[in-house]
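**Q** If you want the building blocks of each chain, they are given just below.
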Amino acid sequence: MAPVFAYAPAPESRAIVDIAPSYGLFIDGEFTEAAEGRVFKTVSPATEEVLSEIAQAGSEDVDRAVKAARRAFEKWSALPGAERAKYLFRIARIIQERSRELAVLETLDNGKPIKETRDADLPLVAAHFFYYAGWADKLDHAGFGANPMPLGVAGQVIPWNFPLLMLAWKIAPALATGNTVVLKPAETTPLSALFFADICRQAGLPRGVVNILPGYGDAGAALIAHPDVNKVAFTGSTAVGKEIARTVAGTRKKVTLELGGKGANIVFDDAPIDQAVEGIVNGIFFNQGQVCCAGSRLLVQESIQEELLESLKRRLSTLRLGDPLDKNTDIGAINSEEQLTRITSLVEQGEAEGAERWSPACELPESGYWFAPTLFTNVTQAHRIARDEIFGPVLSVLTFRTPDEAVAKANNTPYGLSAGIWTEKGSRILAVANKLRAGVVWSNTFNKFDPTSPFGGYKESGFGREGGRHGLEAYLDV
Amino acid sequence: MSDRLNVLKTYKLYVGGKFPRSESGRVYEVTDSKGKWLANAPLSSRKDARDAVVAARKAFGGWSGATAYNRGQVLYRVAEMLEGRRDQFTREVAEAEALSKSKSAAVVDATIDRWVWYAGWTDKIAQVVGGGNPVAGPFFNLSSPEPTGVVAVLAPQESSFLGLVSVLAPVIATGNTAVVVASENAPLPALSLAEVLATSDVPGGVVNVLSGRTAEIATPLASHQDVNAIDLAGADEVLAKELEIAAADNLKRVLRPQPVDYAETPGIDRLTAFLETKTVWHPTGSLGASGSSY
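Residue numbers (UniProt numbering), protein chains in the order written: chain Y, 1 to 478; chain X, 1 to 294.
Bound conformation, chain Y alone:
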């Protein structure tokens, strides 16, 4: 179906952000070259344009950064909470002031639509710093006993799907509780973390309290294994999470892991269809489906399958894929060539296993990494596309007849991060929510986040919670 009215392009200006041709590591308050002199390039996934050349951290740099964080820890942890709070409030304010710049930067480096960085990522980033700023001088009242102590140096490794938001989730509670941090952003999205280093400078944050080490998995592994790191926080794949759990075994390091998911989005026959369709779209196509809590398995009650799929396909046909900097764009670029290859291969397997593939008519740009929104029907629980996390804009549709069957299918996965329920019946929401083994359950909505609300997984989706009062525990000796 051709659109009745085409949208004129509405590109956001990239003039607001000034990306330097090269960046160093941020250690002890200064940008510095990597010890081994290695560098890597970060590209814009939408155009494959090289944005900047970044110093690549190695184990020697990890050691330097951990030492800087250790030195800074003594004074930082001894600061009155009210003073630490003020630093965090400053950071939150500067993020708000620079939010347009950061949104454009994040869109360039990550490939996600400006609509999302502007309206979802950046407001949440600022909100997280505001939220945890307020905890810094109230830790005695957080329910962990009087005078809970920080752990020391936190080694944090974050993914590429929400680069700045994941940084905020990790750094805000760590600093509020008096820890110092060494953070490794993902190799495909290092820029916003380096801009954050500049925000730390503007806020007058003492040297060494925050250190940023762009690099690859080897740098992350070295950071996690470093003997002088007291706390390990990781968001990323379940496979790497398991490796980290093995690495920290037998040590005193406290660890929290936010890992993969294969969220079920359950639609009952009495659900408001139009709203459910919006929720399904939001659940799997937000951030090109590169979301650990994405609703990647749609479980539809059999009696409404036809009606729902028809609405869903009609809605998907209106999604606009293209330039992430265009304010009308719904679906941006896949973050990297590697990720595109993974999505493509899993989707091909889905077809090979007999599931039925559908995409709306959708023209893909010629350069960059793109994948059209994709729907699979005739999917069974045994299909790989119903079991493996695809981390892309690919929705598998399964059906059920009774609420018990829906629950059984929803729980039939080693993951346990998120789930959605769509029904107008309150008792059904509560009954089903109770039985779902998932850390976050959205009913009649999906993919909502808030700094006050604990987020994290059951089972192989990891352990620990981020956000809310619960998020403090990960950074306190309790």
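Derived from the structure by calculation, the hints contain no laboratory data. There could be a bad hint or two in this list.
[Stated by the list, open to error] Derived pair list, reagent style DSS-like, types lysine-lysine, alpha-carbon separation capped at 25 Å:
(1) 435/Y x 124/X
(2) 435/Y x 101/X
(3) 58/X x 409/Y
(4) 18/X x 58/X
(5) 34/X x 242/Y
None of the values given here were measured: they were computed from a predicted structure.
Here the structure of chain Y is known, so what remains is to put chain X in place on it, guided by the hints.
**A** For chain X alone, kept in the frame of chain Y given last:
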């Protein structure tokens, strides 16, 4: 002493509410501190451990689905039954830990009180660690604690009864089910506790008690894909590390061994260690794109 010959007890495992012998047919000699023979305890095998996990999984739905009030009642009932067997446990603990009768009695009293303390937690922990979150938007959301599932518990080696109860009661108080590996050298109080549990309204399978070599039984439990968490209290440093590595295969929640004075009133750490937090969201106002609202 009368010349009557007393009747000895054959100690057995406790799995799924029943008292089987070890599948392996093996036993090992349990002695007091002076080397005097006390009993032959079952020497559990890998298969016993797996059977216990199956029983614990089967019991999980019912136990975690029971109301917190009901779980509290059942746990308190255990304390009542323990009180009635106070003399038996005093003797068993005295033999197991080489304590005088009066010291052993004090330990047993503390153990019963510990059980009562945890019984009272079942319907309070949710309010302490859960609650409503003030979301910045038209949503209502609620974070509630939920049991993590089947928990393997390696009971402390030295404290055969107070230590055992201090690690077991918090696991089941919150709705988890447990597979307990009793103290290797002093398993008899644990095996007798099973008899109390069996007659205290605790559903079969909620607690399963194994005796034997801790390292031998713990290894299959730590790598078991249907065990959700493991408490390493009874493992030494080397074993604890091995088990923690094995536990990573399905990302079990691991409670590492730590110095604990079991005589002290515990905090809530052992309750929260085996809880997940679930956050449930619902819109309160606008129903999204359509703009309709209640």
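**Q** Each hint should be assessed against the structure and marked as holding or not.
**A** To see whether the hints hold, each was checked on the structure:
1. Of the supplied pair hints, the one linking residue 435/Y and residue 124/X holds, its CA atoms being roughly 21 Å apart against a limit of 25 Å.
2. With a C-alpha separation of about 48 Å, the suggested pair residue 435/Y and residue 101/X falls outside the 25 Å cut-off, and the hint is violated.
3. Proximity of residue 58/X to residue 409/Y is assessed by CA-CA distance (about 18 Å); at most 25 Å being required, the pair is judged to hold.
4. A hinted pair counts as satisfied when its Cα atoms are at most 25 Å apart, and residue 18/X with residue 58/X qualifies at roughly 14 Å.
5. Straight-line distance between C-alpha atoms of residue 34/X and residue 242/Y comes to about 45 Å, which puts the hinted pair past the 25 Å bound.
The earlier numbered hints that this structure contradicts are 2, 5.
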